[in-house]
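K.L.:
As a plain string of letters, each chain reads:
Number of protein chains: 2
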Amino acid sequence: MVRIAVIGIGNMGRAHAVNLFKGEVEGATLTCVCDTDKEKIEWAKETFKEKVAYFEDYKEMFKTNLFDLVLIATPHYDHPTIAIDAFKAGFHVLTEKPAGVDVESVRKMNLYSIVSGKTFSIMYNQRTDSLFQTLKYYIDLGVLGEIKRTVWIINNWYRTQYYYDSATWRASWNGEGGGALINQCPHNLDIWQWIMGMPDKISAHCNEGLFHKIGVEDDATIYAEYKNGASAVFITSTGEYPGTNRLEISGTMGKAVAEDGVLKLFLLDENEKKIRFESNESMPTEKVTPITISFKEEKDGHILLLQNVVNHIEKGEELIAPGVEGIRGLTISNAAYLSAWTKKEVKLPFDEKKFNRYLNKKKTLELLGGKKRNRKSEEKSEDNGEYSARWKVRW
Amino acid sequence: MVRIAVIGIGNMGRAHAVNLFKGEVEGATLTCVCDTDKEKIEWAKETFKEKVAYFEDYKEMFKTNLFDLVLIATPHYDHPTIAIDAFKAGFHVLTEKPAGVDVESVRKMNLYSIVSGKTFSIMYNQRTDSLFQTLKYYIDLGVLGEIKRTVWIINNWYRTQYYYDSATWRASWNGEGGGALINQCPHNLDIWQWIMGMPDKISAHCNEGLFHKIGVEDDATIYAEYKNGASAVFITSTGEYPGTNRLEISGTMGKAVAEDGVLKLFLLDENEKKIRFESNESMPTEKVTPITISFKEEKDGHILLLQNVVNHIEKGEELIAPGVEGIRGLTISNAAYLSAWTKKEVKLPFDEKKFNRYLNKKKTLELLGGKKRNRKSEEKSEDNGEYSARWKVRW
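Residue numbers (my numbering), protein chains in the order written: chain X, 2 to 396; chain S, 2 to 396.
Because the hints were derived from the structure by calculation, they are not lab data. Mixed in with the good hints there might be a few duds.
The list cannot tell twin chains apart, which means a pair is met if one copy fits it or any two copies do.
Unchecked claim - Taking lysine-lysine pairs in the DSSO-like style, the calculated list, with each CA pair at most 27 Å apart, reads:
#1 K393 x K265
#2 K39 x K50
#3 K393 x K137
#4 K363 x K202
#5 K355 x K109
#6 K288 x K214
#7 K109 x K52
#8 K363 x K228
#9 K39 x K363
#10 K275 x K214
#11 K228 x K345
#12 K348 x K202
#13 K288 x K348
#14 K64 x K46
#15 K274 x K345
#16 K345 x K23
#17 K214 x K265
#18 K46 x K354
#19 K60 x K39
#20 K265 x K297
#21 K228 x K214
#22 K288 x K137
A quick note: this is a predicted structure, and the numbers were derived from the prediction, not measured.
Given these sequences and hints, build the entire structure.
P.N.:
What follows is the structure in structure tokens.
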């Protein structure tokens, strides 16, 4: 039995704690809950009663031997510090996404994980989605041939001003180190690099406060180039309704389109490169075989991912999202910010120190700058602990 | 009766000449054909016999009084010179797209048109497409509210190396002043600005010879920003099969998606901006009304556009594509090249002299540079004169 402590019981942590408490994850049990907010602890005590130990200071909790794995669901900036302290104290770590705000910190988390020999995983629950798994499987298998282009329009992350005002840390450089790319899109950026691999160059346009009264971006367009010449565009916002979630990938053997929970393949009989260079027609018409694959509603990916981490610890099952994966998607968003801030293309690996200098400047300017927004200081949490639906794949 | 002279009877000019000869355009007749290529003139003589006058030098033809309107279907670089000579000689002008290669020249064409008082129109046949007309009508009417984003993936312009090798002028800086953006996309760039208006800033990535052995771009991604903060992405290539033609536009009242010849609208009951700022939910679920509009196969837009120009001259019918429209789409592609070459965002109106300096440098480098491609010197034309299908809207 893996005993789990949840740190941070805002929206996500609350959902995880409830799932664990209900026994949704086989071989795991909720033993500790930690939050600096007394009201949240009160909620937890009413919900979980005496079956769980409660802490306001995670360092006190780390002195106990009441748990094996800590699930970190605090604001992003605290993930690296807590994770590193956990590894030092000899605990396994599963952290909410993003693993941290800057790549440099997430590198450190991975270093401490390796040194401690403890498990490190990221809550990339969307990796458990069958559509994405099937798509990755096909692409790894070469079904689409050599990849030429990816276009992902993922702007169904609609949020109201009420959402941004629901907690002081939200949508600020000091509170979470960015906007849509750091809060809503880590899953998509991860799935993108998981399926397509890492790009070579990034250019981006990030529009701050375009749709909402916030100081971070609620709209972003990333253009990426790969070493083989392939390119990709990633488009997101939190200000469009109804949004779109449409991923298109084209390769030398055809094209894949994922939309509305359906995966469509359009496959050629022979490699397009051969047609391109050997055809005696200017605009040949080739046979295309369309294949449509539908997927059923599945178990919540958060539970599946938690189950995977527990199975890894208990039975050595391969991790779906090992800690090192926390670096890759974050590399894309860090590089995108750096490109938007400097108005220049950013080559990977990028200058992480330079990114941190720019981010710190953003944070300082925010602290110095202008009128404060009319924010409620308390985060409003959904009481039912089922708020994790927010992070499911939405088609 | 409007008497028409066609200059340049390669693929497109041939199709126009045949359509006119067959009487497809009411109130118009083919009276002259001009081409510098003797073999093409031979083909024309065999096809049109003694009903038409033939010229190898358009200046000789301009001395006659055998026609009222000249339809220019030569390589792009010659459009401005011929058009200006035509206006000076007192003829109406309909030119194939693009009106020219650089905005500065097209401005001059428009100036001479105004001074001469003669009609000037561009063969923007895709403007006659019912789907685009309906979409524009709805957007002008405010059905989508204030526009936030446009994403057009238009990479179904597949071309083989055989196509590029079919004429020496193809896909070269000296021959046509660019690649996919100047040859394949003028229709799409025009439709884009026709429906959405002109952007304020352009950033672009143009990949030269990515899919083919050519020195110009066969792959391009344009990012545009509008004065109201809206953004747009335009993605094209001639090297993907099967390609995509999918145009998505989102606004404060909903979203429109055009794909596979079908226009889908997803409309909100109330303005999203009101929801964004007045909702007491973080992620509200709003009622969306989907509307699907299908369109039937229509008469060839080239004939419809020609008919419009003839009707304009004969009856004062409003021009679908007046000459000034030749400036706008070309402004987008010129600015996109300038952005790609300088690796900088380009603000509109852009520096046209600077663009011409860079283009001339490209042309010089191409003349100086490296091995010549193994090209056939003669353009191979389709004999049936029905090749204009290449420029129909393809879904």
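K.L.:
Now, for every hint given, state plainly whether the structure supports it.
P.N.:
Now the hints, each set against the structure:
Proximity of K393 to K265 under the C-alpha cut-off of 27 Å is found in both arrangements, the shortest distances being 21 Å within a copy and 26 Å between copies. For a Cα distance limit of 27 Å, the shortest separation of K39 from K50 inside one copy, 15 Å, qualifies, whereas the shortest one across copies, 95 Å, does not. Taking the closest pair of Cα atoms, K393 and K137 come within 27 Å of each other only inside a single copy of the chain (18 Å); across copies the shortest separation is 36 Å, beyond that limit. When the C-alpha separation of K363 and K202 is checked against a cutoff of 27 Å, the pair qualifies both within a copy, at 23 Å, and between copies, at 24 Å.
When the C-alpha separation of K355 and K109 is checked against a cutoff of 27 Å, the pair qualifies only within one copy, where the shortest distance is 17 Å, while the shortest distance between copies is 48 Å. Proximity of K288 to K214 under the C-alpha cut-off of 27 Å is restricted to the inter-copy arrangement: shortest distance 25 Å between copies versus 51 Å within a copy. Taking the shortest alpha-carbon separations for K109 and K52, neither the intra-copy value of 34 Å nor the inter-copy value of 83 Å comes in at or below 27 Å. For the identical chains of this complex, K363 and K228 are inter-copy neighbours only, at 25 Å across copies versus 31 Å inside a copy, given an alpha-carbon limit of 27 Å.
Taking the shortest alpha-carbon separations for K39 and K363, neither the intra-copy value of 31 Å nor the inter-copy value of 67 Å comes in at or below 27 Å. In this assembly of identical chains, the alpha carbons of K275 and K214 lie at most 27 Å apart only when taken from different copies (14 Å versus 52 Å within one copy). Taking identical chains as interchangeable, the C-alpha atoms of K228 and K345 lie at most 27 Å apart whether they share a chain (18 Å) or sit on different chains (22 Å). In this assembly of identical chains, the alpha carbons of K348 and K202 lie at most 27 Å apart whether taken from the same copy (4 Å) or from different copies (23 Å).
In this homomeric assembly, K288 and K348 never come within 27 Å of each other (Cα to Cα): the closest approach is 38 Å inside a single copy and 43 Å across copies. Within a single copy, K64 and K46 get their C-alpha atoms as close as 21 Å, which meets the 27 Å cut-off; across copies the closest is 97 Å, which misses it. For a Cα distance limit of 27 Å, the shortest separation of K274 from K345 qualifies neither inside one copy, at 32 Å, nor across copies, at 32 Å. With identical chains, the CA atoms of K345 and K23 are never at most 27 Å apart, being 50 Å at best within one copy and 55 Å at best between copies.
When the C-alpha separation of K214 and K265 is checked against a cutoff of 27 Å, the pair qualifies neither within a copy, at 38 Å, nor between copies, at 31 Å. In this assembly of identical chains, K46 and K354 lie within 27 Å of each other by CA distance neither inside one copy nor across copies; the values are 43 Å within and 72 Å between. With identical chains, the CA atoms of K60 and K39 are at most 27 Å apart within one copy only, with a shortest distance of 16 Å there and 89 Å across copies. In this homomeric assembly, K265 and K297 come within 27 Å of each other (Cα to Cα) both inside a single copy, at 15 Å, and across copies, at 25 Å.
Taking identical chains as interchangeable, the C-alpha atoms of K228 and K214 lie at most 27 Å apart only when they sit on different chains, with a minimum of 18 Å there against 38 Å within one chain. Taking the shortest alpha-carbon separations for K288 and K137, only the intra-copy value of 24 Å comes in at or below 27 Å, while the best inter-copy value is 34 Å.
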